[in-house]
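Q: One-letter residues, chain by chain:
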Amino acid sequence: MSGDGDGAGEQSRTLHVAMLARVEGEASMRVLVEAGQVTDVELRIFEPPRFFEALLRGRAYTEPPDITARICGICPVAYQMSACQAIEDACGVTVPEPLQHLRRLLYCGEWIESHALHIYLLHAPDFLGYESAIELARDRRDVVERGLALKKAGNAIMSTIGGRAVHPVNVRVGGFYRLPTAEELNGLRATLTRALRDALATVELVAGFEFPDLEHDFTYLSLRPAAGYPIEAGQVVTSSGLAFGAAEFDAHVSEEHVAHSHALHARLDGAGPYLVGPLARYSLNSAALTPLAAEAAAAAGLGPVCRNPFRSIIVRAVEVTCACEEALRIIGEWEGASAPSVPVEPRAGTGYGVTEAPRGLLYHRYQLAADGTITGARIVPPTSQNQIGIEHDLRSFVQARLDLPTDELTRQCEQAIRNYDPCISCATHFLDLTVEHREPGSRAHRQPGSGAHP
Amino acid sequence: MASPGAIAERPKLAVWKFASCDGCQLTLLNCEDELLTVASEIEIAYFPEATRAMVAGPYDLSLVEGSITTPGDAERILEVREASRRLVTIGACATAGGIQALRNFADAEQFRSAVYAHPEYIETLAESTAIAAHVPVDFELQGCPIDKGQLLAVLTAFLHDRRPPIPDYSVCVECKRRGTVCVMVAHGTPCLGPVTHAGCGALCPAYGRGCYGCFGPQDTPNAAALAGRLAFLGMPGRDVQRVFATFNAAAPAFLAETQRLQEAERQQEQTGRGVTG
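As given, the protein sequences belong to chains A and B, one line each in that order. The numbering used here numbers the first residue of the first sequence as 1 and each following residue consecutively. The numbering used here numbers the first residue of the second sequence as 1 and each following residue consecutively.
Honestly, I wouldn't trust all of these hints.
Claimed, not checked - Quick list of the computed label-pair ranges, beta carbon to beta carbon:
| no. | chain 1 | residue 1 | chain 2 | residue 2 | range |
| --- | --- | --- | --- | --- | --- |
| 1 | A | F211 | B | H187 | 55 to 65 Å |
| 2 | A | R267 | B | K176 | 53 to 63 Å |
| 3 | A | R57 | B | C182 | 26 to 36 Å |
| 4 | B | R85 | A | P96 | 33 to 43 Å |
| 5 | B | H187 | A | E215 | 56 to 66 Å |
| 6 | A | P212 | B | R177 | 19 to 29 Å |
| 7 | A | R57 | B | P71 | 17 to 27 Å |
| 8 | A | R347 | B | V181 | 26 to 36 Å |
To be verified - Stretch by stretch, here's where chain B covers chain A in the computed footprint (C-beta under 8 Å, at least three residues):
| no. | stretch |
| --- | --- |
| 9 | 73 to 79 |
| 10 | 322 to 336 |
These aren't lab readings, by the way, just hints derived from the structure by calculation. Bear in mind that the values here come from a model prediction, so they are computed numbers and not experimental data. Just so it is clear, CB atoms sit at the ideal spot from N, CA and C, and this is done for glycine as well.
Please construct the entire structure, taking both the sequences and the accompanying hints into account.
A: The structure is reproduced here in structure tokens:
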């Protein structure tokens, strides 16, 4: 398929991947090459839109945690937490500290589950030269089993605190429906102690992968709490020196609707495209890592800031370590709470919520009527914030590798996209990569790929 | 599976995605203890969320997640059916249109322009519909999300050509079996358990919360009787309408109840106006 060496078509090459696998959602990539220069890159997201912001209008203020969880089966807790925070903000309620700790614990479960899924089932096969983790398991069963055990540990937290791993039922505006018993929490200790060991082994494993030299200079954006690594709370900070609260997010970030994508493109004022997610979180908060996570990061050679997107797999492993340590700490310090939730009375107003989903900052805003009916909603998921950054990365990545055979270039592009763990259900599943080569004045050569459809 | 040639003859599984959150197909990957065994018994021939390798059809079993919301997907599901010996829908989206079927009650144009600055870029159908509205379906596994034990039971049953052992009674049966005190009887907490399909293990009542119906209607639901009970417990009329119009809004039994309640509300408003006017 590559380098059709038939004289006339020498400079015309079409590269097409019918499916980018191992991402969550449906999208395609189109790369345009003119006279040997990459001139345009579009990450096309055509996952069918589901109109959550519209269907939330007219619903009750108590419903967003359950409804918005359904935006993403991989990070439902992120949606529940940002939603609760925003509604509580609108109603002028702050939940007591013990309930905030329990929220952080539940969120740690989602980080461990989601990152272990990405590291072992979606991303590691790229570095090790396999099509899937199942194929990898034929040669390295121990590695895949460790990944699955780690993932299961995250799901154990989700099931214990939340009731189930996908779309937990125990989260409500104001806190939880029921508190876990001391026995239930203690029951997690052994699993998490083993998970922490597995997480450290994961950092060691992925730190040994080969990483292409590629550094980007995007502005990073993440939360930064008063203390600790950012998960469920904090102020928004950027590597360009901005610091602002959730209520000012709208003033700093604009979303643009472009023709090629069902995800809206986000831009940061004055700085253009920016990135959220593990690289941003780590680079803005590496000093706040838990002790073993910090040690593991140093041993993996990460440094305080990481600008190589391929190394994001190490950062995810460090974050899993951090989440295991945090979960164990919260369980160890747990002294119970006086009630599973605090009352939240509706009032007219607007509320804002920002938390760190595994893939990056997730913003919710709700407008409420006096009786608690939702009159407006805005949700900005991490993948739509990263879309422009992924396109920029791909542009320089492809440019430096145009001499590669098509199959290899395609494989490497897919890997580069998976660096961002794009969740196309949140913003994507079906990535379709096309590289068009054009000579000035000539017609485009495109060739549809061999679709994986029946 | 014992014969040496069995590996080559493993049945082929395909997993397809339409409009959905990925949570139901993730449930397959959440079978952490069983995944590698499943993969040795069946050939995971098409499952883009998990593998780059793609084996051409036909497939012995297709699991379909998600609802049909675009003209393109309405075509694609026909191809999927064509390529599949058996087709099983997984989850509320594929089985009942999902939460996105709330658009069926609204003006799709308004929905589109509420979210997107350039609605003309978006190609979407006015309604979100279940897979069975487009092609014949061999089995529908309910739940938002589906239960992992039930998913494994369905896979096993289809691989052995027998009916899946999925009971279609209500959540109440599971709740009694679990030994949970009835939240509605004991605490007056509104609960959709009596009309909702079993499968979750009666999770919400065990967490002190009423069932919110995410598994959709059970086999013989009496939604009207339950709606009366919810009103009796003090739930405002608008909230009673909402509980049936959420994650399985377009499931026939829930849809009929929502429409009945809306109609009753309209008539009451008219009567009310008549009296005051």
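Q: None of the hints should be skipped; say for each whether it holds.
A: Going down the list of hints, with the structure as the test:
Judged by the Cβ atoms, the range 55 to 65 Å given for A:F211 and B:H187 holds: they are separated by roughly 56 Å. Hint check: A:R267 to B:K176, Cβ distance near 55 Å, so the stated range 53 to 63 Å holds. In this structure, A:R57 and B:C182 meet the distance hint of 26 to 36 Å, their C-beta atoms being roughly 34 Å apart. The hint said 33 to 43 Å for the Cβ distance between B:R85 and A:P96, and at roughly 56 Å that hint is violated.
In this structure the hint that B:H187 and A:E215 lie 56 to 66 Å apart at CB holds, the actual value being about 58 Å. For A:P212 and B:R177, the hinted distance range of 19 to 29 Å is not satisfied, since their beta carbons lie about 55 Å from each other. For A:R57 and B:P71, the hinted distance range of 17 to 27 Å is satisfied, since their beta carbons lie about 26 Å from each other. Distance hint check for A:R347 and B:V181: the Cβ-Cβ separation is about 34 Å, which falls inside the suggested range of 26 to 36 Å.
As drawn, the stretch 73 to 79 of chain A meets chain B at 3 residues by the rule of a beta-carbon pair under 8 Å; at three or more, the given contact holds. Using a Cβ-Cβ cut-off of 8 Å, 0 residues of the stretch 322 to 336 of chain A lie near chain B, which falls short of the minimum of three, so the contact claim is violated.
Violated hints, in rising order: 4, 6, 10; the structure is consistent with all others.
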